Every structure is written in C-alpha cells, then in structure tokens.
Amino acid sequence: MHKKIVYVILYFLVFFSLCHQSVYAATGTVGITYMPGTIEVDITPGKHVTINQPIRVISTSDTTRHVVLTLMKPKNFKEGRSTLPDFSWVTFSKTEFDLEPHRYKEVYINVFIPKKPENYNGHWEVWIKAIAEKKSGEQELFNIECIGRLLINTPKNIPLVNIDIVRPLLIGIVAATVFIIGGVIIYKRKNHM
Amino acid sequence: MKAKTWMGVALVLIAFALIPAISFADTSDTVTCSAIFTQLGITVSPATYDFGYGTASQVVNTTDGYFTVNNTGNKAGEITISASGNDNWQLGTTPDNNQAVMKAKGGDLTDWTLINSDATLYSSLDGNNTSGHFDLLFQFPSSTNVYTTQHFTVTLTIAEA
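Residue numbers (the numbering used here), protein chains in the order written: chain X, 1 to 193; chain G, 1 to 161.
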C-alpha cells in the first residue's frame with residue numbers, strides 16, 4: 001500500500017517536472033542589460049589609463065550566454081565628434097566570457113593614446129558592442145546585442161615642455177651651478193684673488 | 001674646501017638628477033571620467049521557434065506579433081533586426097539551392113521585410129520595459145541536398161535612439 005502511494009507521488013513529480021520543462025522551452029527569454037550607456041573620459045596622450053568606471057553586462061536570459069565585446073565605428077556621432085583614429089588604443093580587461101542566467105560581469109576599459117602632436121585636441125567616439133551569443137549547439141533563435149558609446153577627449157594644447165623632464169633638469173642646473181661656483185671660489189683662493 | 005670635494009658634491013647632485021629622470025618617466029595616469037548612467041537593455045521571447053517541415057520554396061510565418069521584444073533600458077532605443085544562415089543553408093533574397101529567405105514584420109516594418117541584412121524594427125522604442133511585437137517569415141530553399149534540421153540565428157540589436 002505504502003509502495004503504491006510512493007509510486008503515485010513519484011509519477012506526479014515526474015509529470016509536473018516534464019510539464020515545467022515544456023512550458024519553460026516555449027516561454028524562454030533571451031536578453032542582456034548593458035550599463036552605463038555612455039562613458040566619457042579625458043585622457044593625456046602617452047599615459048596608460050584604466051577607466052575606473054567598469055562596463056556591467058547583466059543577463060536577463062534563462063540560459064547561459066557567451067558574451068563578446070567588440071569595438072565598432074559609430075553609425076552616428078555625438079556633436080563635434082569623429083571616429084577614434086585607431087581602435088587598438090582601446091582594450092578590455094576581458095573580451096569574452098560566459099554569462100550565467102541572471103548574473104552579471106564587469107569589464108574594465110584600458111586606453112592608451114600615443115604621444116603625438118596629432119593626438120591632442122581629440123574629440124573621438126567609438127561604439128562598444130556587447131553580443132550575447134547563443135552557445136554552440138543551442139537551438140535558441142536569437143542573439144542579442146547592446147551598443148554603448150565611449151567618448152574620448154585629449155588636452156587641447158600640446159605641452160611645450162614635457163613635465164617629466166622639468167624636475168631632473170632643474171636639479172641638473174643646480175648641480176652645474178654648484179660645480180661652477182665651487183670651482184670659481186677654489187680658483188680664487190688658490191690664486192689669492 | 002678642496003676642488004675634489006666640490007667635484008664630489010657636484011657628481012652626487014648630478015646622480016640625484018639622473019635618478020628622477022628615470023623614475024619620473026611615468027606611463028600611467030588617473031583619468032577624468034564621466035559616465036552617463038543610461039542603461040541599455042533588451043529581451044525577446046519566446047527564445048525559440050520551430051518552422052517545422054516544408055516543401056520547396058514553401059512559406060511559413062508566425063502571426064499576431066508572436067515575438068515580444070522589450071526595451072528593458074531606461075531610455076528610448078533603436079532596435080534593429082538581422083538574420084544569418086548556417087553552413088548548409090544560407091539566407092538570401094530569393095529561394096535557391098540551399099538558400100532560404102527570412103523576413104520580419106512589426107514595429108516600423110509594416111510589410112514583410114528581408115532581414116538578411118540589418119533592418120530597423122523600431123527606430124525608437126521607449127524604455128522602462130516598453131514592449132513591441134513582431135513576426136518572422138521563413139521561406140524554404142527551392143532545392144536542397146540537406147534534409148536534417150537547420151538552425152538559424154536572428155540578431156536583435158539595441159542602441160541609444
């Protein structure tokens with residue numbers, strides 16, 4: 001008698017489990033959220049910079065998705081901006097990763113702009129595309145993409161004197177002055193002038 | 001004080017001048033960053049659809065805005081749609097050997113529109129979970145030598161409107 005009851009309970013558990021699977025497959029959702037939509041940074045050429053505001057990619061999917069981050073040429077621009085001259089100046093802390101359902105991951109952006117006169121007074125824009133791909137072998141129909149903007153500004157004026165050499169140069173001048181004055185004093189003493 | 005002493009002092013000072021020349025050659029920097037906290041987000045459901053079995057050039061399609069797309073961001077977004085085939089069946093503009101056709105309708109696409117390249121489904125769909133609807137049409141190849149189940153990918157993209 002007890003065995004029959006156990007079998008009946010097991011039967012219903014399996015039945016409802018299968019029903020749930022069927023409904024889940026029919027109503028599954030695919031999606032991601034990307035933030036912030038726009039990041040604007042002021043960067044000095046010649047400096048390696050990691051932007052302290054990460055990109056956050058949040059899964060709103062019912063299945064694990066493979067997320068890929070790429071840069072793309074803007075299809076339209078914020079006012080006064082042009083395409084970033086070289087996309088290799090921007091890299092990510094990670095360019096692809098698996099994103100489990102309803103979890104999030106953060107990615108940091110690294111920027112290095114070469115120190116050249118033409119790279120000053122820049123007002124550039126590049127788009128960051130986060131693609132949530134279906135994993136290999138999955139039968140889902142949709143890939144999802146979110147596109148954010150990265151705006152990069154560089155200083156207007158090219159520095160006339162590189163600040164990096166100002167301090168050693170001053171110390172060098174002081175050293176040379178001490179050397180010359182010392183030499184003059186010693187010379188005068190020796191010659192009783 | 002002798003000349004040698006003065007020269008020693010001067011050399012020490014020059015050495016101190018050279019050390020900072022190396023150490024001051026910094027390559028990292030803090031950065032001024034302003035982030036505009038717009039949030040971009042999109043969901044689509046259902047995630048799958050089975051167009052079933054078909055004959056040469058047969059057309060099958062969903063109806064009544066079968067698919068729902070949600071702008072889960074906090075700002076209006078432009079939503080584009082495109083589709084791609086696979087190694088066995090490509091997508092094109094007309095049915096051909098191992099070439100199928102896929103179209104979408106809904107939102108700004110008032111008629112069935114080819115989506116083998118980007119098409120604008122919504123030029124501006126409000127944020128905060130505003131939803132839109134669309135249908136998909138699939139036309140089988142005119143001929144094929146592949147008789148197994150084929151999977152296609154439809155890509156939905158959201159960008160700031």
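Some hints here could point you the wrong way.
Some, not all, of what chain X presents toward chain G, calculated at C-beta under 10 Å [unchecked claim]:
| hint | residue |
| --- | --- |
| 1 | 41 |
| 2 | 70 |
| 3 | 71 |
| 4 | 130 |
| 5 | 138 |
| 6 | 182 |
Since the hints were derived computationally from the structure, they do not count as laboratory data. Treat the numbers as computed from the prediction; the structure is a model and nothing was measured. Each residue gets a CB set at the ideal place from its N, CA and C atoms; glycine is no exception.
Status of each hint after checking the structure:
Interface restraint check: residue 41 (chain X) against chain G, minimum CB-CB distance 5 Å, threshold 10 Å, status holds. Proximity of residue 70 (chain X) to chain G is violated relative to the hint, the smallest CB-CB distance being about 12 Å (cut-off 10 Å). With its C-beta approaching chain G no nearer than about 14 Å, residue 71 (chain X) sits outside the 10 Å limit, and its interface hint is violated. Because the closest C-beta pair between residue 130 (chain X) and chain G is about 9 Å apart, less than 10 Å, the hint holds.
A hinted interface residue such as residue 138 (chain X) counts as satisfied when its beta carbon comes closer than 10 Å to some beta carbon of chain G; here the least separation is about 8 Å, so the hint holds. The interface hint given for residue 182 (chain X) holds, since its Cβ lies 3 Å from the closest Cβ of chain G, which is under the 10 Å cut-off.
Hint check: violations occur at hints 2, 3; the rest are consistent with the structure.
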